[in-house]
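Number of protein chains: 2
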Amino acid sequence: MLSDTLDQVFTKIDQLSQHFITDRLAKAVGIQSVSSDLTTEGRTKVDQEAAGHTAVLKLPDVILANHPATPDLKKRTVLIYGHYDVQPEGDGWTHPAWELTEVNGKLYGRGSTDDKGPVLAWLSALEAYQKAEVDVPVNLRLCFEGMEESGLVRFSEFAQEHKDIFTKFDAACISDNYWLTTRKPCLTYGLRDINYFTITIAQKPLPGHEPVPLHSGIYRGTVHEPMTELVIMLSKLADSNGNILIPGINGLVDDVTPDEIAQYEDIDFDMDEFRSTIGSEAAIYATAKDTLMHRWRYPSITIHGINGADPSPNQTTAIYPKVTGKFSIRTVPTMEGKAVMALVVHYLEQEFKKLGSTNTCEVKQFGESAPYWVANTEDSDFAAGRAATNRVYNTKPDLTREGGSIGVTLDIQNALGHDKSIMLLPVGRSDDGAHGPDEKLDRDNHIKERKLLGAYWWYFANA
Amino acid sequence: MLSDTLDQVFTKIDQLSQHFITDRLAKAVGIQSVSSDLTTEGRTKVDQEAAGHTAVLKLPDVILANHPATPDLKKRTVLIYGHYDVQPEGDGWTHPAWELTEVNGKLYGRGSTDDKGPVLAWLSALEAYQKAEVDVPVNLRLCFEGMEESGLVRFSEFAQEHKDIFTKFDAACISDNYWLTTRKPCLTYGLRDINYFTITIAQKPLPGHEPVPLHSGIYRGTVHEPMTELVIMLSKLADSNGNILIPGINGLVDDVTPDEIAQYEDIDFDMDEFRSTIGSEAAIYATAKDTLMHRWRYPSITIHGINGADPSPNQTTAIYPKVTGKFSIRTVPTMEGKAVMALVVHYLEQEFKKLGSTNTCEVKQFGESAPYWVANTEDSDFAAGRAATNRVYNTKPDLTREGGSIGVTLDIQNALGHDKSIMLLPVGRSDDGAHGPDEKLDRDNHIKERKLLGAYWWYFANA
Chain S
1 MLSDTLDQVF
11 TKIDQLSQHF
21 ITDRLAKAVG
31 IQSVSSDLTT
41 EGRTKVDQEA
51 AGHTAVLKLP
61 DVILANHPAT
71 PDLKKRTVLI
81 YGHYDVQPEG
91 DGWTHPAWEL
101 TEVNGKLYGR
111 GSTDDKGPVL
121 AWLSALEAYQ
131 KAEVDVPVNL
141 RLCFEGMEES
151 GLVRFSEFAQ
161 EHKDIFTKFD
171 AACISDNYWL
181 TTRKPCLTYG
191 LRDINYFTIT
201 IAQKPLPGHE
211 PVPLHSGIYR
221 GTVHEPMTEL
231 VIMLSKLADS
241 NGNILIPGIN
251 GLVDDVTPDE
261 IAQYEDIDFD
271 MDEFRSTIGS
281 EAAIYATAKD
291 TLMHRWRYPS
301 ITIHGINGAD
311 PSPNQTTAIY
321 PKVTGKFSIR
331 TVPTMEGKAV
341 MALVVHYLEQ
351 EFKKLGSTNT
361 CEVKQFGESA
371 PYWVANTEDS
381 DFAAGRAATN
391 RVYNTKPDLT
401 REGGSIGVTL
411 DIQNALGHDK
421 SIMLLPVGRS
431 DDGAHGPDEK
441 LDRDNHIKER
451 KLLGAYWWYF
461 ANA
Chain P
1 MLSDTLDQVF
11 TKIDQLSQHF
21 ITDRLAKAVG
31 IQSVSSDLTT
41 EGRTKVDQEA
51 AGHTAVLKLP
61 DVILANHPAT
71 PDLKKRTVLI
81 YGHYDVQPEG
91 DGWTHPAWEL
101 TEVNGKLYGR
111 GSTDDKGPVL
121 AWLSALEAYQ
131 KAEVDVPVNL
141 RLCFEGMEES
151 GLVRFSEFAQ
161 EHKDIFTKFD
171 AACISDNYWL
181 TTRKPCLTYG
191 LRDINYFTIT
201 IAQKPLPGHE
211 PVPLHSGIYR
221 GTVHEPMTEL
231 VIMLSKLADS
241 NGNILIPGIN
251 GLVDDVTPDE
261 IAQYEDIDFD
271 MDEFRSTIGS
281 EAAIYATAKD
291 TLMHRWRYPS
301 ITIHGINGAD
311 PSPNQTTAIY
321 PKVTGKFSIR
331 TVPTMEGKAV
341 MALVVHYLEQ
351 EFKKLGSTNT
361 CEVKQFGESA
371 PYWVANTEDS
381 DFAAGRAATN
391 RVYNTKPDLT
401 REGGSIGVTL
411 DIQNALGHDK
421 SIMLLPVGRS
431 DDGAHGPDEK
441 LDRDNHIKER
451 KLLGAYWWYF
461 ANA
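In order, the protein sequence lines correspond to chains S and P. Under the UniProt record's numbering, the first residue of the first sequence carries the number 1, and numbering increases by one thereafter. Under the UniProt record's numbering, the first residue of the second sequence carries the number 1, and numbering increases by one thereafter.
Because the hints were derived from the structure by calculation, they are not lab data. Given the structure is predicted, the values throughout are model-derived calculations rather than measurements. Watch out, some of these pointers could steer you wrong.
For identical chains, the list gives no copy identity; a pair is met inside one copy or between any two copies.
Unchecked claim - Derived DSS-like pairs (lysine-lysine); straight-line CA-CA distance at most 25 Å:
| id | residue 1 | residue 2 |
| --- | --- | --- |
| 1 | 236 | 353 |
| 2 | 322 | 236 |
| 3 | 354 | 236 |
| 4 | 184 | 74 |
| 5 | 289 | 204 |
| 6 | 106 | 168 |
| 7 | 364 | 353 |
| 8 | 27 | 131 |
| 9 | 75 | 322 |
| 10 | 168 | 396 |
| 11 | 184 | 322 |
| 12 | 163 | 75 |
| 13 | 396 | 448 |
| 14 | 74 | 131 |
| 15 | 204 | 75 |
Pulled out of the complex, with its shape left as it was, chain S reads as follows (with noise of 0.2 Å):
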């Protein structure tokens, strides 16, 4: 029965697959929404474009659209994120980016996965219910803003002056990141965040004194040099494997269970296929299941680099008073900031006692620390997910977390409150090139995804 009914709005899809690509990817494509430098006149023409019932609230940042426009209280509601600007062209591309080019069943052009492409798949989903005359089983609140790729407006600014929009929902879902592979469909249920610190290393000055940059000729070896202090403090955070030698970091990262091990294990991820694409012989790890758990689960540290020292590639012999090195912590479930942030201080502020230095040393957090995001795999959301997927694909969806933050994740899920449930559902393919030249979606991802995302709907309402 369920089945049956789903299947009308499938069939649809298909029939209305050229039409999709002809009067809706192509067209948006077309329309250079590039976010750094937005006219009024195209984001107008966009959201004329992109959206039936529309209720701008603060044009031309987010536009919301509700389906039905009064919601039906029978019915469970989700909210759909995406956004229709995008990057700037950029150099290097084969074929046009701003006209919808197919090659051998890849869709080109700037926008077509990232994020043009799965915003109109929503959209696509939803004309073809109406199509097919099947009654959308959600009610659907569509949010699409227009300042995601420049960062300029944060969306969270936005999400927090209009929380009673996002305390409506029973779960949202976004469709912004990709699968983990070329092969495999995911559904994302986590993202490590980032708390990045400086420390600083400089000279007491004496009352009165501006330590400069000191001949190396007259004063070296009879000065506590900040430079070989800060790479000594830089060498106690990490070995080369990577392994954080801050004491109580590790403590704070959630034990792993034997199901999230068989988790792993399951996913489809190629280690020749990643050592391509970092291009050296680099990985620490021999295999999927160590390099995942390490880019998702496990924190991670990075030295980004030195700050008040030369840079140049030139032999320069001078002392530097002060310098500072930046390095970043990715942090996982549950390590909060307050106490990552707590231990780095008091690990780095001890070490440097110990080396007896007249010179001082500060460590400071850079920036604001976000936490980690990380869902509950086994809601309705995600259920529906797996259902949909194992439908469409024929295939149980790896569960797949991201190495990175995605803000607009956190930002939502704080407006909708944690009890709310959001899953993260890519469209495109790991190689679809979102930032980059020749930007690609799938003729193939471009047609299963509608139907996905209209499964996804209906399993939920039927969950």
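With chain S fixed as given, assemble chain P onto it according to the hints.
Same frame as chain S, but now just chain P:
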């Protein structure tokens, strides 16, 4: 007897002192012989002004003058080196840079102490001998060059090309450094040199790939990060007190002798003055002896910077595929460049192996390594310097070294041969500010050093 004749020269110097300032130094300071933009006209003027018996070999670089024109074979022969080019004016002058101005016994002007003042001091001593009608007791070969400050034309090339010129001397004397303090004359007998290294950690490219900066959100925790390994490697070079941790390096250093320690204990060096000069509390040692020994007679290591990572003060998050650390070792007797290089490379290669990384580590020497320089302070050159100092200042000179290198010393030593003596005989004080604004020479030094140089010839002749 000796004293009486020398006294005639001293009396003449006193009589001529205003002439030396007005007609010699003031005119020389007025010539803007900035090393980097010396004009032919400017050079020619200096040439004519500076030397009586000029035999121009390769205008304008090096002026050679003999006195007498034909050496007297019964006299010993001394080579005198100085340079007539100066640093650019730069910012911050409170007195005119190109007009000699006397205030409170200080003669301000570019070149007053570096090195026109000393060049003219030699010529003035000669003038005083002549006007006092006292026979100059040595054959003089004056060698004044015009490219010292720019380093564009290396004096060493000249010295090597004209080795025949440099074989005819019993000793050489260079006036191009400064007293250790503002109070006490010194003779300088040693220089440290520099061995400069780079250490590069890089991800090993797969065939046909060029590793690029990786997005830390996606890749960190899963790849060997060159920056993490570079700080580990650099941290193994020295401890916070500047002690070199490279095995074998300290074994190359000559043992300290009891005589040497006694020498250091005599030296007039004020630690408060030192702290004030560095402008901070970064001094490692509490005593002058320890500070000076680590400046002069022990090697030291400095890390100058890292190339290839992000030197900005911004919050960036990339993993860089190739980073290079720059460091140098100041060498002292009897650390030979090749032995130092071999120890550094072997140690770092062994330490890198311990990391078990898939990355590569390459240690290279950067530029040429020139050796340290040290003179025998018991020879007749230094004996004459001591006697002259005692005669003019009624004190024993401090025997000093410099922590850095003065290239021309080695150039001349190599041309002369290592059996000939070179002494560095500074004319100015530690606070003369050679390359900065308000460069000055004290009037007292201006007069007494003329006597000292004249006396040095006298005692060298009569050793």
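Structure-based check of all given hints:
In this homomeric assembly, residue 236 and residue 353 come within 25 Å of each other (Cα to Cα) both inside a single copy, at 13 Å, and across copies, at 18 Å. For the identical chains of this complex, residue 322 and residue 236 are neighbours both inside a copy (19 Å) and across copies (21 Å), given an alpha-carbon limit of 25 Å. When the C-alpha separation of residue 354 and residue 236 is checked against a cutoff of 25 Å, the pair qualifies both within a copy, at 12 Å, and between copies, at 16 Å. When the C-alpha separation of residue 184 and residue 74 is checked against a cutoff of 25 Å, the pair qualifies neither within a copy, at 35 Å, nor between copies, at 98 Å.
For the identical chains of this complex, residue 289 and residue 204 are inter-copy neighbours only, at 23 Å across copies versus 48 Å inside a copy, given an alpha-carbon limit of 25 Å. Taking CA atoms no more than 25 Å apart as the test, residue 106 paired with residue 168 passes in neither setting, with 38 Å inside one copy and 83 Å between copies. In this assembly of identical chains, residue 364 and residue 353 lie within 25 Å of each other by CA distance solely inside one copy; the values are 17 Å within and 33 Å between copies. Taking identical chains as interchangeable, the C-alpha atoms of residue 27 and residue 131 lie at most 25 Å apart only when both belong to the same chain, with a minimum of 21 Å there against 98 Å between chains.
When the C-alpha separation of residue 75 and residue 322 is checked against a cutoff of 25 Å, the pair qualifies neither within a copy, at 62 Å, nor between copies, at 56 Å. Taking CA atoms no more than 25 Å apart as the test, residue 168 paired with residue 396 passes in neither setting, with 30 Å inside one copy and 92 Å between copies. Proximity of residue 184 and residue 322 under a CA criterion of 25 Å is satisfied in neither setting, with 50 Å inside one chain copy and 33 Å between copies. Taking CA atoms no more than 25 Å apart as the test, residue 163 paired with residue 75 passes inside one copy only; the shortest distance there is 21 Å, against 100 Å between copies.
Proximity of residue 396 and residue 448 under a CA criterion of 25 Å is satisfied intra-copy only: 15 Å inside one chain copy versus 94 Å between copies. Proximity of residue 74 and residue 131 under a CA criterion of 25 Å is satisfied intra-copy only: 23 Å inside one chain copy versus 118 Å between copies. Taking the shortest alpha-carbon separations for residue 204 and residue 75, neither the intra-copy value of 67 Å nor the inter-copy value of 56 Å comes in at or below 25 Å.
Of the numbered hints stated above, those contradicted by the structure are hints 4, 6, 9, 10, 11, 15, listed in ascending order.
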